[in-house]
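Below are the chains, spelled out letter by letter.
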Amino acid sequence: MNAMNQYQSWGQYPQSSPHSIQPVFWQNDPIDFDSPNQTYLPYAYGRSYGDSCLNNEGTLLDVSSLKRMLSFSEDTGVFRCEAGVTFSDILQVVVPKGWFLPVTPGTQHISVGGAIANDVHGKNHHRAGTFGIHVREFELLRSTGERFICSKNHNAGFFSATIGGLGLTGVILWAEFQLIPIWGPWIETERTRFHHLSEFFSLSAQADQHSEYTVAWIDCFAGKKSQGRGIFITGNHQHKDTSTPSSITPRRTVSVPFKAPSFLLNRHSLRLCNTLYFHLSFRSPTGSIEPFDTFFYPLDRLLHWNRLYGSRGFLQYQCVVPPPNQKAGIAELLDHIRRSRQGSFLAVLKQFGSMSSPGLLSFPREGTTLALDFPNRGEDTLNLLRILDDIVCECSGAVYPAKDARMSAQHFRSYFPNWEVFAPLIDPKFSSSFWRRVADSDLPSEAPSIPPTHGSLQTPQHDELSMGISS
Amino acid sequence: MNILILGATSAIAQETAKYWAQEGANLFLVARDKEKLAAVASDLQVRGASQVVEYPLDLGHIDVHQQLIQVAIHNLGDLDVAFVAYGTLSDQATCTQSVTETLKEFTVNCTSVISLLTLLANHFEQQKKGCLAVITSVAGDRGRQSNYVYGAAKGAVSIFLQGLRNRLTPFGVTVLTLKPGFVDTPMTAHIPKNPLFANPKSVGKRIYKAVKNQEDVVYIPSFWRPIMTMITHIPERFFKRLEL
Chain B
254 MNAMNQYQSW
264 GQYPQSSPHS
274 IQPVFWQNDP
284 IDFDSPNQTY
294 LPYAYGRSYG
304 DSCLNNEGTL
314 LDVSSLKRML
324 SFSEDTGVFR
334 CEAGVTFSDI
344 LQVVVPKGWF
354 LPVTPGTQHI
364 SVGGAIANDV
374 HGKNHHRAGT
384 FGIHVREFEL
394 LRSTGERFIC
404 SKNHNAGFFS
414 ATIGGLGLTG
424 VILWAEFQLI
434 PIWGPWIETE
444 RTRFHHLSEF
454 FSLSAQADQH
464 SEYTVAWIDC
474 FAGKKSQGRG
484 IFITGNHQHK
494 DTSTPSSITP
504 RRTVSVPFKA
514 PSFLLNRHSL
524 RLCNTLYFHL
534 SFRSPTGSIE
544 PFDTFFYPLD
554 RLLHWNRLYG
564 SRGFLQYQCV
574 VPPPNQKAGI
584 AELLDHIRRS
594 RQGSFLAVLK
604 QFGSMSSPGL
614 LSFPREGTTL
624 ALDFPNRGED
634 TLNLLRILDD
644 IVCECSGAVY
654 PAKDARMSAQ
664 HFRSYFPNWE
674 VFAPLIDPKF
684 SSSFWRRVAD
694 SDLPSEAPSI
704 PPTHGSLQTP
714 QHDELSMGIS
724 S
Chain L
37 MNILILGATS
47 AIAQETAKYW
57 AQEGANLFLV
67 ARDKEKLAAV
77 ASDLQVRGAS
87 QVVEYPLDLG
97 HIDVHQQLIQ
107 VAIHNLGDLD
117 VAFVAYGTLS
127 DQATCTQSVT
137 ETLKEFTVNC
147 TSVISLLTLL
157 ANHFEQQKKG
167 CLAVITSVAG
177 DRGRQSNYVY
187 GAAKGAVSIF
197 LQGLRNRLTP
207 FGVTVLTLKP
217 GFVDTPMTAH
227 IPKNPLFANP
237 KSVGKRIYKA
247 VKNQEDVVYI
257 PSFWRPIMTM
267 ITHIPERFFK
277 RLEL
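Chains B and L are the protein sequences, given in the same order.
With the first letter of the first sequence counted as 1, position 153 gets the number 406 in the numbering used here; the numbers rise by one all the way through.
With the first letter of the second sequence counted as 1, position 117 gets the number 153 in the numbering used here; the numbers rise by one all the way through.
Treat the hints as calculated values from the structure; they're not laboratory data.
You may find that some hints are simply not true.
Think about it this way: if two alpha-carbon atoms lie no more than 27 Å apart in a straight line, the pair counts; the simulated DSSO-like pairs of lysine-lysine are [stated by the list, open to error]:
1. B/Lys580 - B/Lys478
2. L/Lys276 - L/Lys72
3. B/Lys350 - L/Lys241
4. L/Lys165 - L/Lys248
5. B/Lys512 - L/Lys229
6. B/Lys493 - B/Lys350
7. L/Lys237 - B/Lys512
8. B/Lys350 - L/Lys165
9. L/Lys245 - B/Lys350
Only chain L is shown next, with the shape it has when bound in the complex (with noise of 0.2 Å):
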């Protein structure tokens, strides 16, 4: 197995990747901390991985993404998964004053993705098979007064992977949308933990199971998707009143 990390330091990427590193996979590694990236570099290595190659970049550096693919599929030959794990939570308020920060915000969770998309997509598309698997969010299902620039830049994404998907399935190519809800991560860390929050273990299972099984999307955990059903049917004359 070779696979493509891109945000390989998140808690839910480090939770995944063991998986794939107890059977031995290449790994490479993306992921902006240099020492962070090392130590989990490590792990995977004392875990299993049969190599792990690793690479510090800032993912937000859109020029920098075509080289970047050109030297993971060199070191690794043909990709058997690309996953997309990186992002940031969006702090609405101080999106909802600042232009700056709202392009900011988009750039890392939905224009930053899309560009290593396109650029992986055509790849996958030659290779006819693999795995590309991105993690998107419940968020993105309906845009709500709390976060709606995070859950748009989400929402895109979400839906620029279904297009792909209706593109790639001719070619034996799955893509795979994840949609997690709270996990407790360091990006949840200042937000008090509920009984919806899922640890970050279960959801890394929950990813190597989805790109085992070559599913399309995935609610994690699965009782979010009758959650978010409820919610999109929620018509728009009483949704606008809701304080959500």
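Chain B extracted, bound-state conformation (with noise of 0.2 Å):
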């Protein structure tokens, strides 16, 4: 069994193999930066879904074992840890004492280093933004061997780089942020079934006004009539006076134990889960209350859920698309997603408000923002995502590095118009595959000749993965 193997990111594509890990155990280990043509990359988790937590043919520095947590004020919510301590870890240690994580993504199983790196956000966007605008200060250590305590104040440029930086900017050793304070740790939730996308619109102009949680799930297969029918769930954190069930039963986990057939993964079984999602999820009250990580957590019950994709792997798109094409947009991505007949599981529609992070690369801005799993079916897959990307480029929306394994360097550079300002604040020694891939090589001076695929675009640019280091 190759150790190397593991160093993967969740969406099991690119593999990627690494020329070597080093694990730093702790904070004050000197990390030898000397190898000749090295490139280096933390690596916590792998819980990025394509090829930015990656570093083909280059080092990747391991930060697991930066796992200790060094302050946790009760009396204010401040909490500091080192870099590699899980969101599970946190919650684990303070939804006991009131406190809760001012945004969660889908899954507990990240870094806080991975946090700040992505800037990730939660079904609370539209109220808190995203991590990094919680974040206080972080160290950071470069390859020089300079470490600098970053916060809005002090060494802000590295600050605002870091956060979503995809690691590039050096190691972060440690970080502190605020929490928020909860009653207990259930949520109240409601459910609502709608039939449409206009409805969608519609819910979460209402919902986002007194819900502090809301995303919608949708079937991404349902045809022109009921494009976009789904579920829209609301959650709130219990307050002071909602009775709550005396204890929580811990959740027992499954785990998908091998890579599954990748027959098993096929359109019509993809689906029917939708359309069972659709119709079967109202067997439980449309009101209820259930614990944090039931609401937040779903797909954690099943550990090594990617694994059902089986040995291609899958890719995740998230984009979002801002004001004022959110309609048009989403719908017209729907649309090309639905023909394709390669929608998944899960597809998730969720509004972002206009709260802005400090990350020069965040990701989130003002607008919808769709997310969904497309199994891998090679070529197919990546012209699909070509023709969204080229939908959201031109509703001048973005689509989420940390989710990404193939999109081109020109759709990158109009997604994050700031990466020039971002790029000289890398360490001259870090890099990823996606790094390489969208920033370190050269545009194409003519596009050439790819067949149109949108009749309303212009002639859309080559995409090129490559994978090796570029040299």
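With the hints in hand, could you dock these two chains into one complex?
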């Protein structure tokens, strides 16, 4: 068994073989940055979906041993810990004391360093923005051996470059952030079925006023008339006088023991799952109370669920379409996805709010975000995602690097116009498979001809899947 | 729970101590590196320990053991658990060439441990309760050319613990011998990983359970018990020709 094999990303695509792994056990351990011609990238649990956490043929600095909690004020909710501490560990400690993470994505098995590097968001983006907004300070180790304490007021350049900086600015050793107070571990939740995309927008406009957490699951196979039908889910932390069950039964987790054969996930089985979910999810009452982990982390119950996609893995796609194009843009994206018949179990829609992050490369911005998985079917999948990219680009939107394995350099640069401000702040010895693809590669001077795939668009640009180190 | 941890910055000790911290234990932590010790102490404090005392010390210095035990007892009162978790993985090739290195490895992995155990055993005998938990190794079950200096040092401690267990059982004291196989820690960072490697988290959990259940000799993970039973039963006339 090759130990390197475990250093993959969550989507299992692209497969990567790092040249070497350097574990970082202690904050003060010297890290050897002197191997000639090596690039470095921090890696913890590999929960990014695509290649932003991979450094093919380079060195990964495994920071999963940096998992010590450093301080926690039960009075103020200020929490400081090393970068490899997981959200799950933090919740275990802080929830019983009446505190909660200010922002959490759909899995709790991520590291604090990764949460900063990807400037993660959650179901409360419309209220709380991204995780980076709640970060007070952190320490950044550069390959020169210099250490910088970064905050809004100190080393502000590194601060804003590191938040959402995809691990490229150096190693985050520890971070301090502000938790939010809660009355208990329960979430009051409501589910509403909606029959068309337009209903999503009206439901969302209402719900975002009074709910801390909102998200919608949609059936990406549903036809034109019921396009975008789905379930709208809201949640609020329990109130002081909410009557709650006396105790939480610990959740049982199930593990997917091995990679599923690819034929299991075909468009018929996926379509069936979507239809069943739409019709059956109302067995339970529409308003209920549930423990925070079933509300926030339903997929964490199924350990290694990525193995369901078999050995070819899958690609996630998450984009945001800003106003005023959001309704038309999302409708057009869904239309393409439906016609491609490639969608998957879980398509998610959410309205992002307008709170902006300090992060230069932060992905979330005001608008509607759509996220879904695609089983990896090679060129078919890549072609579809290219079309989606063109639509997003035309709507002045963006695609989420943490979930990407294939966006083109051109698209990246138009999604993240700040990249040129960001680039000089990168540690010169740091790089990633993602970064070499989107930033180091030279743009082709003339767009090679790919047959026009979308009527109203300009010629799509060449999309190069570069896997090696571009030298 | 009052717990003395010797070698508190070892990966296995850290993982084990998290369980005790969650139960609100009072912890007295001893380790060589002051900064690492401070990081571990703050972690255990945040995770729920009632009290954490840091005591930076190189346990290879046998002459300060007596004082250390006195300070620990003075701080904690009665000891519920004394956990010996420090050690070094000797480089056999270096030891083969150097008496000094061999004896140094023996001091860290064997004689210093025996010194501490002697002092602690007398205290536990008086207390008439508690658990003396010590990490030795599967490598101590039989000498092999690839690491017999380490193996002999760990093996000596295992036999010493057998004797202590026999002596202290009538006093209600648990003596727990912990025999991990390969564990993925800084100590083994230079060794290529294979499926026999356990992660420190699961090892820590097993140790926590073993202390709780007052077990005697524990192989971690448990598959090492049948493996080591087989290995110890191979007749020497064959074994001596094996390249192990």
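To see whether the hints hold, each was checked on the structure:
1. B/Lys580 - B/Lys478: Cα-Cα ~15 Å, so holds.
2. L/Lys276 - L/Lys72: Roughly 42 Å separates the two Cα atoms, so the pair is violated.
3. B/Lys350 - L/Lys241: holds, 24 Å
4. L/Lys165 - L/Lys248: Roughly 13 Å between the alpha carbons, so the hint for L/Lys165 and L/Lys248 holds.
5. B/Lys512 - L/Lys229: holds, 22 Å
6. B/Lys493 - B/Lys350: Holds, because 14 Å separates the two Cα atoms, which is no more than 27 Å.
7. L/Lys237 - B/Lys512: Judged against 27 Å, a Cα distance of about 25 Å means the pair holds.
8. B/Lys350 - L/Lys165: Given that 27 Å is the threshold and the Cα spacing comes to 33 Å, the pair is violated.
9. L/Lys245 - B/Lys350: holds, 26 Å
Against the hints set out earlier in the document, violations occur for numbers 2, 8.
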